[in-house]
Amino acid sequence: MLFAQILVNGVMLGGLYGLMALGMALVWGVLNIVNLAHGAFVMLGGYCVYFLFTGLHLDPFAALPIAMVVMFVVGYLLQRYLLNLIIRSSHLNTLLITFGLDVVLTYLAQLAFSADFRAINPTYAGSNVTLLGVTIPLVRFGAFLTALVLAAALWVMLERTRLGHSIRATSQNLIAARLYGVDPAQLYAVTFGLGAALAGAAGGLYGMVSQVTPYIGATLTAKSFVITIMGGLDNPFGIILGGLFIGIAEALAAIYIGPTFTDAISFGLLVLILVARPARSLRGA
Amino acid sequence: MSNPLLTISGLRAGYGAAPVLFGLDLKINEGEIVALVGSNGAGKTTLLRAISRMIAAEGSINFAGKELMPLTPEQVFATGLVQVPEGRQLFARMTVEENLRMGALLRRDPEGVVRSFARMYELFPILAERRRQMAGSLSGGEQQMCALARGLMAEPKLLMVDEMSLGLAPVVVDQLLVVLSDIRKAGVTILLVEQDVFAAFSVADRGYVIETGHIVREGTVAELERDSDLRKAYLGVA
Ligand SMILES: Nc1ncnc2c1ncn2[C@@H]1O[C@H](COP(=O)(O)OP(=O)(O)O)[C@@H](O)[C@H]1O
Ligand SMILES: [Mg+2]
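Line by line, the protein sequences give chains R and F. For the first sequence, position 191 (counting from the first letter as 1) is numbered 191 according to our numbering, and the numbering increases by one without interruption. For the second sequence, position 103 (counting from the first letter as 1) is numbered 388 according to our numbering, and the numbering increases by one without interruption.
Quick caveat, the hints were computed from the structure, so don't treat them as lab data. These figures come from a predicted structure and were not determined experimentally. For glycine and all other residues, C-beta sits at the position ideal for the given N, C-alpha and C. Worth double-checking, as some hints may not be accurate.
Partial list, derived from the structure: chain F residues whose beta carbon lies under 10 Å from chain R [said to hold, decoys possible]:
| id | residue |
| --- | --- |
| 1 | S294 |
| 2 | R297 |
| 3 | Q368 |
A few chain R positions that, by computed beta-carbon distances, are all more than 10 Å from chain F [said to hold, decoys possible]:
| id | residue |
| --- | --- |
| 4 | F113 |
| 5 | N121 |
| 6 | A176 |
| 7 | L179 |
| 8 | Y180 |
| 9 | A253 |
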């Protein structure tokens with residue numbers, strides 16, 4: 001296969017990964033919660049778009065905003081009535097709770113939706129666009145553009161709006177934010193809802209370029225984690241670049257090592273990061 | 286000049302089991318600059334934290350006719366009681382302009398906010414030059430100006446300023462004291478918390494002296510300056 005073609009495939013997938021990781025990074029940076037249920041939110045968003053498409057015959061891209069609203073509400077309520085109770089406690093507690101949430105959501109999805117593979121295949125699923133001699137499936141191209149647009153929208157929200165300023169201020173200095181009128185319980189719930197909405201959008205796109213099952217969450221959580229560490233909590237562009245990096249690495253691995261090795265890339269990086277980071281912080285001390 | 290704006294009575298507060306404030310009484314009238322002075326560790330910052338409802342406390346804090354005890358910090362802020370905290374506590378990775386905008390977070394009068402921005406840049410011209418710079422990259426004096434301006438953007442009724450002079454060159458402190466006098470003339474009441482007694486007394490009308498969680502003296506600045514114990518302990522003169 002043409003090298004440029006592989007690269008483009010990777011970039012298209014990487015945009016989606018970046019969007020997915022943005023949700024995790026937002027929550028991590030502001031609430032200091034590493035949400036292990038993030039991948040499960042992606043999964044739920046995927047089912048949401050799948051059923052809007054098959055049940056109501058909505059175009060899957062048009063179904064994305066609905067899935068985002070649904071996931072926002074799910075995230076908001078979870079934070080407001082469950083996670084806000086433990087947000088001041090240790091990392092171990094929040095990891096345990098979100099891990100438990102992941103297990104529960106996966107199990108419920110299996111009960112409700114069965115373990116079948118679900119793919120979102122609109123009529124134009126087989127169409128391609130050709131750019132500079134490289135063929136791109138239309139759906140992948142659309143998913144990539146959607147991811148970029150949503151990432152840009154998030155950036156504009158954080159930079160330009162009152163809510164965005166409150167979110168950044170709270171992540172930088174919680175005490176000062178409270179002294180200047182931010183209600184953290186409310187802000188945390190909204191932020192967690194936004195993270196879930198981004199996960200939901202990524203899930204819908206994932207269902208279009210791949211397949212949704214109840215079990216995709218864990219792998220996607222791990223990928224989001226790796227990308228977030230690579231991209232940094234404070235930098236949406238870094239996250240998107242991290243997503244592109246993983247996407248390209250997976251596309252190359254699929255061709256040159258074998259398609260079953262794609263997940264090994266991010267898990268390998270995960271292990272490397274976990275080994276390297278404590279070492280770095282020890283040296284810093 | 287003698288309408289009480291803030292009336293604190295029997296205020297006790299501390300951290301966990303360790304008490305720090307042992308039943309304080311304090312009153313601030315509308316339009317006053319009141320200095321709260323005392324050495325390091327006396328409980329000044331703890332008092333401000335209790336007033337802003339950031340730590341548990343007992344007693345009564347009445348502000349503009351409203352009891353603050355049951356409120357959260359963000360609700361206290363909304364009543365017009367604004368704290369410029371010790372150590373500035375700026376949003377370091379936000380621009381000067383964004384920091385100032387955070388001060389106006391709850392305001393719903395866009396034109397008034399524009400006027401306040403203009404006023405801040407007039408009071409602190411250096412902030413206008415630096416307005417696109419990250420607050421964390423400013424010098425100490427500029428950071429303190431940014432912190433004061435952020436507080437003023439809220440249009441406070443009462444501004445509580447904690448250790449404004451800490452780590453700043455005397456000329457910068459003098460400059461900031463002039464600004465405080467100016468904004469008092471514009472109708473803002475000020476509680477000035479300082480270890481630097483000279484600086485605080487140079488602009489204040491009245492003062493309180495706090496020692497290990499007790500108010501040990503209060504009076505007009507003229508009275509306090511005549512007190513021989515205080516002269517020895519805080520002003521370093523016999
Ligand atoms: N966050 C805290 N936790 C526990 N003790 C504290 C804390 N902050 C201050 N203290 C203690 O409370 C006392 C008063 O401190 P503080 O109010 O900061 O004094 P001041 O502002 O007058 O220098 C000191 O003994 C200090 O050690
Ligand atoms: Mg102090």
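For each hint, the structure was consulted:
At a threshold of 10 Å, the smallest CB-CB gap from S294 (chain F) to chain R is about 23 Å, leaving the interface hint violated. Interface restraint check: R297 (chain F) against chain R, minimum CB-CB distance 22 Å, threshold 10 Å, status violated. For the restraint placing Q368 (chain F) at the interface with chain R, the shortest Cβ-Cβ distance is roughly 5 Å, inside the 10 Å limit, so the hint holds. At roughly 41 Å, the least C-beta separation between F113 (chain R) and chain F is larger than 10 Å, which holds for a residue marked as non-interface.
For N121 (chain R), the condition that its CB be more than 10 Å from all CB atoms of chain F holds, with the nearest at approximately 44 Å. For A176 (chain R), the shortest C-beta to C-beta distance to chain F comes to about 4 Å, within the 10 Å cut-off, and the non-interface label is violated. Under the 10 Å C-beta cut-off, the non-interface status given to L179 (chain R) relative to chain F is violated; the minimum distance is some 5 Å. Listed as a non-interface residue, Y180 (chain R) fails to keep its Cβ farther than 10 Å from every Cβ of chain F; the least gap is roughly 5 Å.
Residue placement check: A253 (chain R) keeps its beta carbon more than 10 Å from all beta carbons of chain F (closest about 36 Å).
Of the numbered hints given earlier, the model fails hints 1, 2, 6, 7 and 8; all others are met.
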